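Let the sequences and hints guide you as you build the complete structure.
Protein chains: 2
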Amino acid sequence: MKVSREQMAENRNRILDVASRLFRDKGFDAVSVAEVMKAAGLTHGGFYGHFSSKDDLIANTLAHVLAADAGGGGDFRAYLDAYLSPRHRDNAAGGCPTAGLVADIRYQTPAARSAMTEGLRSQIDRIGKAIPEVNAVDRRRAAVGSWAAMVGAVILARAIDDPTLSDEVLEQTRAWVDAGISQVSAS
Amino acid sequence: MKVSREQMAENRNRILDVASRLFRDKGFDAVSVAEVMKAAGLTHGGFYGHFSSKDDLIANTLAHVLAADAGGGGDFRAYLDAYLSPRHRDNAAGGCPTAGLVADIRYQTPAARSAMTEGLRSQIDRIGKAIPEVNAVDRRRAAVGSWAAMVGAVILARAIDDPTLSDEVLEQTRAWVDAGISQVSAS
DNA sequence: ACGTAAATATGATCGTCATCATGTAAAAGT
DNA sequence: ACTTTTACATGATGACGATCATATTTACGT
Numbered sequence: 001m002k003v004s005r006e007q008m009a010e011n012r013n014r015i016l017d018v019a020s021r022l023f024r025d026k027g028f029d030a031v032s033v034a035e036v037m038k039a040a041g042l043t044h045g046g047f048y049g050h051f052s053s054k055d056d057l058i059a060n061t062l063a064h065v066l067a068a069d070a071g072g073g074g075d076f077r078a079y080l081d082a083y084l085s086p087r088h089r090d091n092a093a094g095g096c097p098t099a100g101l102v103a104d105i106r107y108q109t110p111a112a113r114s115a116m117t118e119g120l121r122s123q124i125d126r127i128g129k130a131i132p133e134v135n136a137v138d139r140r141r142a143a144v145g146s147w148a149a150m151v152g153a154v155i156l157a158r159a160i161d162d163p164t165l166s167d168e169v170l171e172q173t174r175a176w177v178d179a180g181i182s183q184v185s186a187s
Numbered sequence: 001m002k003v004s005r006e007q008m009a010e011n012r013n014r015i016l017d018v019a020s021r022l023f024r025d026k027g028f029d030a031v032s033v034a035e036v037m038k039a040a041g042l043t044h045g046g047f048y049g050h051f052s053s054k055d056d057l058i059a060n061t062l063a064h065v066l067a068a069d070a071g072g073g074g075d076f077r078a079y080l081d082a083y084l085s086p087r088h089r090d091n092a093a094g095g096c097p098t099a100g101l102v103a104d105i106r107y108q109t110p111a112a113r114s115a116m117t118e119g120l121r122s123q124i125d126r127i128g129k130a131i132p133e134v135n136a137v138d139r140r141r142a143a144v145g146s147w148a149a150m151v152g153a154v155i156l157a158r159a160i161d162d163p164t165l166s167d168e169v170l171e172q173t174r175a176w177v178d179a180g181i182s183q184v185s186a187s
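From first to last, the protein sequence lines stand for chains E and P.
Each residue of the first sequence is one higher than the one before, counting from 1 in the working numbering.
Each residue of the second sequence is one higher than the one before, counting from 1 in the working numbering.
Rather than coming from a laboratory, the hints here were simulated on the basis of the structure.
Since the structure is predicted, the reported quantities are computational estimates derived from the model, not experimental observations.
For glycine and all other residues, C-beta sits at the position ideal for the given N, C-alpha and C.
Among the hints, a few may not be true.
Calculated cross-link-like contacts (lysine to aspartate or glutamate; reagent style EDC-like; alpha-carbon spacing at most 20 Å) [claimed, not checked]:
| hint | chain 1 | residue 1 | chain 2 | residue 2 |
| --- | --- | --- | --- | --- |
| 1 | P | K54 | E | D29 |
| 2 | E | K26 | P | D29 |
| 3 | P | K26 | P | D104 |
| 4 | E | K129 | E | D178 |
| 5 | P | K129 | E | E168 |
| 6 | E | K26 | P | D104 |
The calculated label-pair distances, taken between Cβ atoms and stated as ranges, are [unchecked claim]:
| hint | chain 1 | residue 1 | chain 2 | residue 2 | range |
| --- | --- | --- | --- | --- | --- |
| 7 | E | A9 | P | G49 | 53 to 59 Å |
| 8 | E | A39 | P | D55 | 39 to 45 Å |
| 9 | E | G46 | P | A70 | 51 to 57 Å |
| 10 | E | A39 | P | A78 | 46 to 52 Å |
| 11 | P | A136 | E | K54 | 45 to 51 Å |
| 12 | P | M8 | E | N13 | 54 to 60 Å |
| 13 | E | T109 | P | T109 | 53 to 59 Å |
| 14 | P | A175 | E | R77 | 40 to 46 Å |
| 15 | P | D162 | E | V3 | 56 to 62 Å |
This is the structure in structure tokens:
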């Protein structure tokens, strides 16, 4: 049955929302089109009215979720603490899309890669502005290095089987990034 | 046809070698059992004589490649430079198994997760020993933080579509880690 | 040398998708 | 109100891939 224009827009948004959660949680490959539609409260048939293919859904989901996720803009230390927390590690579905999806991007279409690249570019810029460093060169370096360490630590922590080591990776990286920021800003 | 014991052992090793390259290059999901066997010069039928399932192959491949890959033991700065080079970024198939496979581990069997955990544990220890810091606490922190940043940077750089930004992520992270090591050691 | 067990090869099977075809009902324009 | 779109549902279709069944050949113990 046909639905109203705004109903359709809501449906599309819901599809993107649930897709972004499912993809972050289980990876692109492990999530089927039918599963996404079902989670959005629809059936698989209507999918191709919204997107031309699963790849198209992936690209649109990335643009959607990366635009929504504008973390790191305010207090950098608070962001760092939350990012490298066990809570964030254990909540991939609702967590940072970069941490959950970057590694998979390598195998995706140019459109998906492009969406992720822009997301990373603005995230690094955002961190650069939130960081205390005075010198612009130091600030840029700290932004890139900190972001790499943050994303890397969450990915490592999620892979590790031993809770003690996993917690340690988060906490040591937090301390390491924190110290790096302080020291550069004090130089 | 049956082959000699040592021939079979060679075959098994070859399967693990090509599987590790294929998995690093394309991810676990995108590589089929038949593809691995073909790359090893065999046909798909013989596979289950060597491994009980694809999951079993994955777990064994991880143990195999993580045992072989004992990088970072000597000169840490040289290792850092090579790790964060465009050459390494562009050579996923022959590169660090951690950078290529950690993110996928989340979806794998307990055996695979366990193999990766042990690989990470020894890699962090190895880096800790190769780092100049005197204080043991600083050394541990630097080892974990540096490793997280290195792995994260390579993963980010491989995802990014724009060569300039990708190169920058590698180089800035290299400089950032380098500075972090120096500064802690000077403290 | 012989017989047996084992390592691969060839050829199913079975399930899971992505995607397409067609039906249906309700929204939107007239 | 009437017609025409159109959003979605239901039900194919066709590939691909993991795993299994069976045949073949040959190493290996005797």
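Checklist entry - So which of the earlier hints does this model not fit? => result 8, 13, 14 and 15
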